[in-house]
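Participant: Residue strings, one per chain:
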Amino acid sequence: MIRTILHQMWNERRINGWLFLELVAVSVFLWLAIDPLFILVSRGRIPAGYRAENLYKVEMAKYQKTNLKYRAEADNDSVKAAVFRNALEAVRKIPEVQYVGTCFMGNYPHGGSLSSTFYVVDSTQTADGKNKEVYCVKYSTSMAEGDDWPATFGLTDAQTGEPLHIVRNENVRNLLVSRSFAMEAFGRVNITGEKVERWEGKYNICGVYEDVQTIIYTNPKASVIEIEPALSKDFSLLFRIKEGVDREAFEQRFKEEYAQRLAGGNFYCKGIVSNEAERKDMIELRGYGNTFRLQSALTMFALLCAFLGVVSTFWMRANARRRDIGVMRSVGASSGRIVAQFVTEASLLVIVAFIVALPLIMHKVYAMGFADPLDAFLSRHDEKSDYIHDVAWMHFAAVSLITYIIILLVAVAGAAISARRIAGILPSDALREE
Amino acid sequence: MIRHYLRQAWAMMRQNRLFSAIYIVGTGLSVALAMTLFIIFYIKLGPVYPEYNRSRIVYLDQITHVIEHGNNYTAMNRAASQSLCERLRTIEGCEALAMVAGSYRYDFSVNELNECRGLFVNNDFWRVYDFKFVAGGPFGDTQSAAVVVSADFAMELFRATDVVGKEIIVNNTRNRIAGVVESPGGCTPKCYAQFWLPSSHTLCEGEREAHPIIGGFRVAMLCRSSGETAAVIAEVKSTIERLAQEQPEGNSFEAKIGEHWKLALGIEEDGATLLDALSKYIYILLALLFIPSLNLGGMIASRMAGRMDEIGVRKAFGATNGSVLSQVLCENLLLTALGALLGLLLAYLITLSASSWILALFDGRVNRMAPENVITVEMLFNPTIIAITMLLTLVLNLMAAVVPTLFALRKSITYSLYNKR
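Top to bottom, those sequences are chains X and B.
All the letters of the first sequence, read from the start, carry residue numbers 1 to 434 under our numbering.
All the letters of the second sequence, read from the start, carry residue numbers 435 to 855 under our numbering.
It should be emphasised that the hints constitute simulated quantities derived from the structure, not laboratory data.
Remember, predicted model here, so these are calculated numbers, not experimental data.
All C-beta atoms in this analysis are idealised placements derived from N, C-alpha and C, irrespective of residue type, glycine included.
It is possible that some hints are incorrect.
As the list claims (entries may be wrong) - So, partial list: chain B residues that the calculated Cβ filter (under 7 Å) puts toward chain X:
1) S454
2) A455
3) I456
4) L463
5) L467
6) L471
7) A721
8) I725
9) N729
10) M733
11) G798
12) R799
13) V800
14) A804
15) N807
Stated by the list, open to error - The list that follows gives simulated cross-link-like pairs (lysine-lysine, BS3-like), each with its CA atoms no further than 25 Å apart:
16) X:K69 to B:K600
17) B:K714 to B:K749
18) B:K714 to X:K364
19) B:K690 to B:K671
20) X:K255 to X:K80
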């Protein structure tokens, strides 16, 4: 059968040539459109390292000096501190709230701001004899007012996999570190009680948590949580609600009832925003949502073009071969056999077109690299990982496979639709019309 | 003759309905995406209300005071921008100079509303931007207690647009409405606001006004013609250099100056041209045209194979290759034009239904605080968009039909006539 099909394809090479060229162009175009989508989807599957569900941030805002509600006598640090303490206490008293945490401004996973620093590890030396320095993302919290950042985020202990166990030393500054930090600094994770140093002094490591993703779509990297002795002047308030609470009803209740309890001085509560919503917002803000839409539109366009190309070519060929098909049917060929012949022809065209397209794609990747849908800052600072999008050959193979399967399915569907129409014809009709 | 070809094309179109449908859909798909691309860039770069003078405007969008071994301060306060503007106004080719402060991120309290968007502008603002006044007119430079509001904002506040003479309280201060303008949309963020106050208004002074430069002012200069923008930019740069030389040692200025298109596309390189900036989109456009044209070319090649006898007869009666080619092009033009019309309607549908995000489709970052885009009829139905659609139709028709027809015409008359037997 294959020989007959190849013979048939060669005889109709002029018409097939157009479809072949289109399939080569579509393969290249589709590969380039799918590549950024693949990267974003693959990066979207990187575990956050904390429990994002049921996690909320309280949004506080301040009346500007020119606002009707502004009061000059309340515009000082002591009133501000009192208002924020009151807000923390008010949130803790909400019956649906399980944990409350504080952090410095938006400096928490997917919070929108990023602080980096480095610590010196006295006990580990580099090859040139210097103390090892570990660069990392820094989060801050106080845990001085009954607030518990690690529990609020649901961090897990890197040694046990259970909720994070903290062994604080009240005589020195305490520091929680992530698994990557521990491995880079000491080469192991059981480092509770070890010391690291920064310009403020020594820090006691009071726990090791599993890595958390700081910014959406980036690989988790070394991070630390500094436990400040007192609440920062510019802290943000986060909280986790209990399991089983109806989130929609809670959000409505917060807006109508709880938000007013948090107001004071020149501050008012604008509402709450879930961590999941912040992640989605970040996707839009950094343009990833638009990249997704654009590349999806281009992918759909290429597939529709391929589909129309296959349908029109095979439909015309099927019409031109009505007599052949009539003869085949009269000597006992089933309609399935005719459909199979057309589908095989389409599949062979796709295979050859894709083989021709691959060197072109490889040349593009070699010369210009893979797509880079992350913004320039993140691209520069993101570290390589073992994830599929960071291993070149796996990345290339995965995108090629996805592209090939999609084109094949579209071509097979297009050929089958055209063939089924003609395969149902009665042999007598086909031969009489000729 | 063309009429005859078109009548024949119409008859063939009705005869081969599936062929015609696939052809029209294929063309429509290509034109829809290509035109969506064009519409996005037309709205971002073309003359749209109230930024009809985009090609003639030069922006001094941001100026940074760089202090050696110290902090850098970005943006200008009123005093700094006024003193700079006095120098810039004398530049040859500058027709008007608008000072604009407060951005669309700025929140005001107006009457009982907390978050409204306002701008502080000088009198030249109304010359640089072509606002249509539905009532009243612009305020003068000296009128510090006047305000111009947009029609939508007037409706929100008073349920009417004829509100000249009424008062609104902006940030605790009473302002008399001097004029009401047709509402601009978020597609023109440089001048978008719900209300505009005179730049002499004291409320725009920020907390950090003490610093010699910090503030929220930017400058928009209207040049006499678009050809003069390069010269004006060069002159602005040299003016800022002279200003820097007057500062104490270790102080300098870095300015972000450019035409509208440069700032809209985020281009910072000095020598970059519009073509350089748009080159990556041109590749997308070529792909949008090339792939469907291969598809359509294949379909025409199939049809030409079935019409070899007709071509043979026509050539036997003296028709030249040129006349047969023009016949095929004419016939296909009907299908391509119908596809293009479908595509243009689809492009309008895509643009309108995705108006909230589609203009930022090619932007690296999306501004969370950006005002809502309003796509108007004027932006979609204008001569430029129609002309581009017609051009695309012709290009697509040529790309799809010429090669397969020429291939068919290479055959001899006898081969063509024998082919039917």
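Participant: Is the interface hint for A455 of chain B satisfied, with its Cβ closer than 7 Å to some Cβ of chain X?
Facilitator: With Cβ-Cβ at 10 Å, over 7 Å, it is violated.
Participant: Can the hint on L463 of chain B be confirmed by a CB-to-CB distance to chain X that is less than 7 Å?
Facilitator: Where the cut-off is 7 Å and the nearest Cβ of chain X is about 6 Å from L463 of chain B, the hint holds.
Participant: Holds or violated: V800 of chain B as interface residue toward chain X, Cβ cutoff 7 Å?
Facilitator: 6 Å, holds
Participant: Sort out whether K80 of chain X lies within 25 Å of K255 of chain X, counting only the CA atoms.
Facilitator: With Cα atoms ~22 Å apart, K255 of chain X and K80 of chain X stay inside 25 Å; holds.
Participant: Quick check on the hint: I725 of chain B CB to chain X CB, less than 7 Å?
Facilitator: At about 5 Å, which falls below the 7 Å cut-off, the nearest Cβ of chain X leaves the hint on I725 of chain B intact, so it holds.
Participant: Is the Cα-Cα distance between K69 of chain X and K600 of chain B 25 Å or less?
Facilitator: 23 Å, holds
Participant: Just to be careful: measuring from the Cβ of R799 of chain B to every Cβ in chain X, is the smallest value less than 7 Å?
Facilitator: 5 Å, holds
Participant: Holds or violated: are the alpha carbons of K690 of chain B and K671 of chain B at most 25 Å from each other?
Facilitator: OK: K690 of chain B and K671 of chain B at ~10 Å, within 25 Å.
Participant: Given N807 of chain B as an interface hint, is its Cβ closer than 7 Å to any Cβ of chain X?
Facilitator: 13 Å, violated
Participant: Measuring from the C-beta of L467 of chain B to each C-beta in chain X, is the shortest one below 7 Å?
Facilitator: OK, holds: L467 of chain B within 7 Å of chain X, min 6 Å.
Participant: Would the hint on S454 of chain B be counted as holding, given a Cβ-Cβ threshold of 7 Å to chain X?
Facilitator: Since chain X brings no Cβ nearer than about 11 Å to S454 of chain B, farther than 7 Å, the hint is violated.
Participant: Taking the least C-beta to C-beta distance, is G798 of chain B closer than 7 Å to chain X?
Facilitator: With a closest approach of 5 Å, the G798 of chain B hint holds.
When each numbered hint is compared with the structure, violations occur for hints 1, 2, 6, 14, 15 and 17.
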